[in-house]
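Asker: Chain by chain, the residues:
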Amino acid sequence: MLRGELVGLRARHEADAPILEAELHDDLVTTSRSDWRPWRPVSPGAQASRYRVAEPSDNAASFSVVDLADDTLVGDAGLGNIDAHGRSAYLGLVLRPACRGKGFGTDIVRVLCGYAFTVLGLHSVHLGTLDDNHAMIKAAERAGFTKEAQLRKAAWVMGGFSDAVLFGMLADEWTAT
Amino acid sequence: MSDLRGDLVRLRARHEADVPILDTELHDDVALHARMGRRPWRPISPGTEASPYRVKEPRAEGASFSVVELACDTLAGTASLWDIDTHNRSAHIGIALRPAFRGKGLATDTVRVLCHYGFVVLGLHRIQIETLADNHPMIKAAEQAGFTKEGILRDAGWDTGGFVGEAVFGILVHEWTTA
Amino acid sequence: MTDLRGDLVRLRARHEADVPILDTELLDDVEVRARAGRSPWRPASPGSQTSHYRVMESTDAMAPFSIVELATDTLAGAVTMWGIDAHNRCAHIGIALRPGFRGKSLSTDTLRVLCHYGFIVLGMHRIQLETAADNHPMIKSAEQAGFTKEGVLRDAGWILGRFVGETVLGMLAGEWVAA
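Protein chains in written order, with numbering that gives the first Met the number 0: chain Y, 0 to 176; chain A, 0 to 178; chain V, 0 to 178.
Bear in mind the hints are in silico, worked out from the structure with no lab data behind them.
Here the structure is a predicted model, which means the values were calculated and not measured.
Don't be surprised by glycine CBs; every beta carbon is placed ideally from N, CA and C.
It cannot be assumed that every hint is accurate.
Claimed, not checked - In silico PhoX-like cross-links for lysine-lysine, where the CA-CA straight-line distance does not exceed 25 Å:
id	chain 1	residue 1	chain 2	residue 2
1	Y	Lys146	Y	Lys101
2	A	Lys103	A	Lys148
3	V	Lys139	V	Lys103
4	V	Lys148	Y	Lys152
5	Y	Lys146	V	Lys103
6	A	Lys103	A	Lys55
7	Y	Lys152	V	Lys103
8	V	Lys139	Y	Lys146
9	Y	Lys101	Y	Lys152
10	Y	Lys137	Y	Lys152
11	V	Lys103	V	Lys148
What the hints assert, rightly or not - If you want the ones that stay clear, here's a sample from chain V, every Cβ over 10 Å from chain Y, calculated:
id	residue
12	Asp27
13	Pro39
14	Asn87
15	Gln127
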């Protein structure tokens with residue numbers, strides 16, 4: 000398990016999947032805001048569930064996040080698009096509704112950066128979100144990310160096009176924090 | 000929590016427990032099936048892949064839902080957005096309610112929830128409903144949900160022993176938004 | 000006959016005869032390939048199925064073209080619309096010109112033709128182009144074609160011994176109609 004101050008990141012367990020599917024996937028707004036793909040109905044146990052237990056791979060690392068205080072499941076986080084040549088990856092996280100606004104996001108971002116820069120040896124980590132996702136943007140800025148781009152109207156979200164923002168952090172910036 | 004929910008029903012993914020109920024009450028009714036489907040009724044054994052109501056992986060071209068009545072939290076039927084065409088940004092609606100759940104306004108509410116999914120979540124431009132020209136409950140549901148009757152395809156369906164016309168209804172995104 | 004044609008170039012499907020030329024001039028050139036792709040240069044034998052420039056089927060997500068210079072009716076390079084996302088209605092452009100065809104404004108014209116394909120034929124809402132932050136000719140061509148620079152992903156790519164930023168440029172459908 001990877002440990003921060005508030006959270007631990009461990010592999011997905013079978014028992015996590017139905018909770019994350021019910022609270023995250025089945026919430027259309029949460030899914031439409033956090034996934035590039037359109038929301039679709041996913042039956043329990045379907046292979047298409049993004050929260051199912053999956054084999055580890057070279058280009059993605061998926062974690063379940065737990066609260067270190069009481070070991071309860073807090074949400075889903077991970078690295079995707081891990082590029083061993085450009086030594087970069089994208090970071091993403093989604094918290095269960097009851098676990099938002101408690102500072103978990105910043106801690107998760109820091110733990111994932113530690114994994115990316117220290118364990119994987121990456122050179123840069125990027126993070127994309129909608130430009131009105133203030134909680135995610137705050138977590139990124141607190142963890143030391145820099146805003147690098149504003150992709151105008153890049154995502155279809157619940158009836159309209161929204162801007163996406165991209166943040167980045169480089170290995171030497173991480174070391175300096 | 001934001002799910003697919005109207006005044007009377009919510010739509011969720013198919014669960015395994017739904018399948019035998021839908022197979023029995025919708026598929027095994029030969030007369031009903033003849034009016035719903037474009038294919039002739041055939042016997043289907045429980046639990047086989049041929050069941051139209053089996054649990055499937057999601058696909059880009061279609062989204063299958065189970066309809067749950069909110070008042071009693073009970074399975075009320077099936078609904079789908081099918082032939083989702085992201086180039087022309089159109090799709091079709093299909094609905095079948097269990098016999099005991101008809102005549103309660105659930106179909107109109109289900110159509111409205113499917114329109115929200117199609118127009119808002121998926122970003123479609125047009126949604127279409129086809130039904131037999133004498134299927135007055137479905138026609139009423141389509142009209143109450145704001146669809147416009149666009150025509151009748153004469154003798155387009157074979158309904159146990161005779162040809163029947165097929166009514167085509169459509170709604171465009173700006174009509175939905177202003178409704 | 001309405002094909003994909005600008006003032007200086009036309010775009011057509013890849014032909015088998017294009018492949019050895021593009022493989023030799025674009026794929027076998029370590030520096031060109033390192034700057035064009037996100038993967039390290041590797042030796043590829045003639046006819047390799049890993050070649051970016053082999054004849055391949057178009058898919059819903061990708062449309063590969065060969066660029067032909069109109070003045071000489073000669074193969075000038077390759078351009079691909081990739082990552083075509085019908086839900087968010089976004090797509091990306093990747094372009095590579097043969098060395099003898101650079102500095103002649105062909106890339107600006109190619110981008111305009113591909114934007115026509117993306118916005119008018121495919122119905123996209125946004126087209127995006129990524130290039131190395133020090134690729135000034137490409138950035139200039141994109142800006143001349145009407146793209147707006149939206150940011151630089153610092154050190155996002157490894158190019159021949161060092162990290163280089165990646166410039167992101169974007170154009171929206173409304174800007175294309177206005178141009």
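Asker: What are the numbers of the hints that this structure violates, sorted from low to high?
Answerer: As far as the earlier hints go, 5, 6, 7, 9, 13, 14, 15 are violated by this structure, in ascending order.
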